[in-house]
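Those sequence lines, one after another, are chains Y and F.
To convert a position in the first sequence, counted from 1, into the working numbering, add 20.
To convert a position in the second sequence, counted from 1, into the working numbering, add 865.
It is worth saying that the hints were derived from the structure and are not from the lab.
If you're wondering where the values come from, they're calculated on a predicted model, not measured in any experiment.
Hints are not guaranteed to be accurate.
Pair by pair, the computed Cβ-Cβ distance ranges are [what the hints assert, rightly or not]:
#1 F:Val980 to Y:Pro27: 18 to 24 Å
#2 F:Thr880 to Y:Lys89: 43 to 49 Å
#3 Y:Lys89 to F:Arg882: 25 to 31 Å
#4 Y:Arg36 to F:Ser945: 19 to 25 Å
#5 Y:Gln62 to F:Asn938: 19 to 25 Å
#6 Y:Thr85 to F:Pro926: 44 to 50 Å
#7 Y:Ile59 to F:Met887: 30 to 36 Å
#8 Y:Arg36 to F:Tyr875: 24 to 30 Å
#9 F:Ser934 to Y:Thr25: 37 to 43 Å
#10 Y:Ile59 to F:Ser932: 39 to 45 Å
#11 F:Thr947 to Y:Pro27: 32 to 38 Å
#12 Y:Asn77 to F:Lys935: 38 to 44 Å
If you want a taste of the chain Y side facing chain F, the calculated C-beta under 8 Å gives, among others [what the hints assert, rightly or not]:
#13 Thr28
#14 Cys32
#15 Ala33
#16 Ala37
#17 Asn39
#18 Tyr66
#19 Asn73
#20 Asn74
#21 Leu120
A partial selection of chain F residues facing chain Y, derived with a Cβ cut-off under 7 Å [as the list claims (entries may be wrong)]:
#22 Trp892
#23 Leu904
#24 Gly907
#25 Gly968
#26 Phe971
Note that beta-carbon positions come from the ideal geometry of N, C-alpha and C, so glycine has one too.
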Amino acid sequence: DAKTTQPTSMDCAEGRAANLPCNHSTISGNEYVYWYRQIHSQGPQYIIHGLKNNETNEMASLIITEDRKSSTLILPHATLRDTAVYYCIVRFYTGTASKLTFGTGTRLQVTL
Amino acid sequence: DAGITQSPRYKITETGRQVTLMCHQTWSHSYMFWYRQDLGHGLRLIYYSAAADITDKGEVPDGYVVSRSKTENFPLTLESATRSQTSVYFCASSESSTGRLYGYTFGSGTRLTVV
Chain Y
21 DAKTTQPTSM DCAEGRAANL PCNHSTISGN EYVYWYRQIH SQGPQYIIHG LKNNETNEMA
81 SLIITEDRKS STLILPHATL RDTAVYYCIV RFYTGTASKL TFGTGTRLQV TL
Chain F
866 DAGITQSPRY KITETGRQVT LMCHQTWSHS YMFWYRQDLG HGLRLIYYSA AADITDKGEV
926 PDGYVVSRSK TENFPLTLES ATRSQTSVYF CASSESSTGR LYGYTFGSGT RLTVV
C-alpha cells in the first residue's frame with residue numbers, strides 16, 4: 021500500500037469548514053483513498069473513499085487532485101463532535117484479501 | 866441487533882495466561898480483521914481473514930493466534946499474555962469485494978491489561 025503523509029494536528033473553529041490534507045505521492049492507478057476518523061475511545065469510523073473523482077456524502081467531501089498524489093477531506097461545517105483523529109489510507113484493490121494500513125493520522129480539534 | 870460486537874469490553878489478565886478476545890458480526894461479511902492500538906503507534910494490523918478458514922498475518926502477529934471456523938466469528942487468542950500486549954484491540958469487518966470497495970466497520974474495542 022502507498023504511504024500517506026498527514027499533518028499531526030489541526031484546529032478549526034466550530035461552524036467553519038475543516039480541510040484536512042493528505043499526501044500520497046506514490047499512489048498507483050488501482051489504489052483507492054479512504055478516510056476514517058476515530059473519536060476518543062471509540063473504534064474508527066468510515067467517512068468516505070474515492071479513486072479519481074471527487075466524492076461527497078452526508079458526512080464529508082473528498083477532493084482528489086488530478087495527478088492523484090494528494091487529497092483533501094472537507095467537513096463543510098465542523099462541530100465540536102467532529103473533534104477526532106482523522107486517518108487517510110490508500111488501499112489496493114486485489115479482489116481477494118485486502119487490508120488497511122493506518123498511519124498516525126491528523127488530530128482535529130474543533131473549538132468554539 | 867445487527868452489527869459487530871466485541872467481548873469483553875475490558876479484561877485484566879496475568880502474565881503467562883491465555884486469553885481470548887471475541888468478535889462477532891451479523892452481516893456475513895467475508896473479511897474480518899484484528900488491530901491493536903497503542904500510544905505512538907496508531908492502529909496496527911495483527912491478523913486478517915478473507916473468509917472462513919482463510920487467515921493471514923498482518924504487521925504484528927507474534928504472540929497471537931486466530932481462527933475463523935464460522936464466517937461470523939473471528940476470535941483472537943493470546944496464548945501466553947505478556948505486558949507488551951497491553952493494548953486496545955479492535956475488530957473490523959468488510960463486505961466481499963464485488964467491484965467496488967466499501968469501508969470497514971469497527972467494533973467498540975477491548976481494552977486489555979496484562980499485569
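Do the hints match the structure? See the list:
no. : hint                            : in the structure
1   : F:Val980 to Y:Pro27: 18 to 24 Å : violated, 37 Å
2   : F:Thr880 to Y:Lys89: 43 to 49 Å : holds, 46 Å
3   : Y:Lys89 to F:Arg882: 25 to 31 Å : violated, 48 Å
4   : Y:Arg36 to F:Ser945: 19 to 25 Å : violated, 51 Å
5   : Y:Gln62 to F:Asn938: 19 to 25 Å : holds, 22 Å
6   : Y:Thr85 to F:Pro926: 44 to 50 Å : violated, 36 Å
7   : Y:Ile59 to F:Met887: 30 to 36 Å : violated, 23 Å
8   : Y:Arg36 to F:Tyr875: 24 to 30 Å : violated, 37 Å
9   : F:Ser934 to Y:Thr25: 37 to 43 Å : holds, 40 Å
10  : Y:Ile59 to F:Ser932: 39 to 45 Å : violated, 31 Å
11  : F:Thr947 to Y:Pro27: 32 to 38 Å : holds, 34 Å
12  : Y:Asn77 to F:Lys935: 38 to 44 Å : violated, 32 Å
13  : Thr28                           : violated, 12 Å
14  : Cys32                           : violated, 21 Å
15  : Ala33                           : violated, 27 Å
16  : Ala37                           : violated, 22 Å
17  : Asn39                           : violated, 21 Å
18  : Tyr66                           : holds, 3 Å
19  : Asn73                           : violated, 13 Å
20  : Asn74                           : violated, 16 Å
21  : Leu120                          : holds, 6 Å
22  : Trp892                          : violated, 14 Å
23  : Leu904                          : violated, 10 Å
24  : Gly907                          : holds, 4 Å
25  : Gly968                          : holds, 3 Å
26  : Phe971                          : holds, 3 Å
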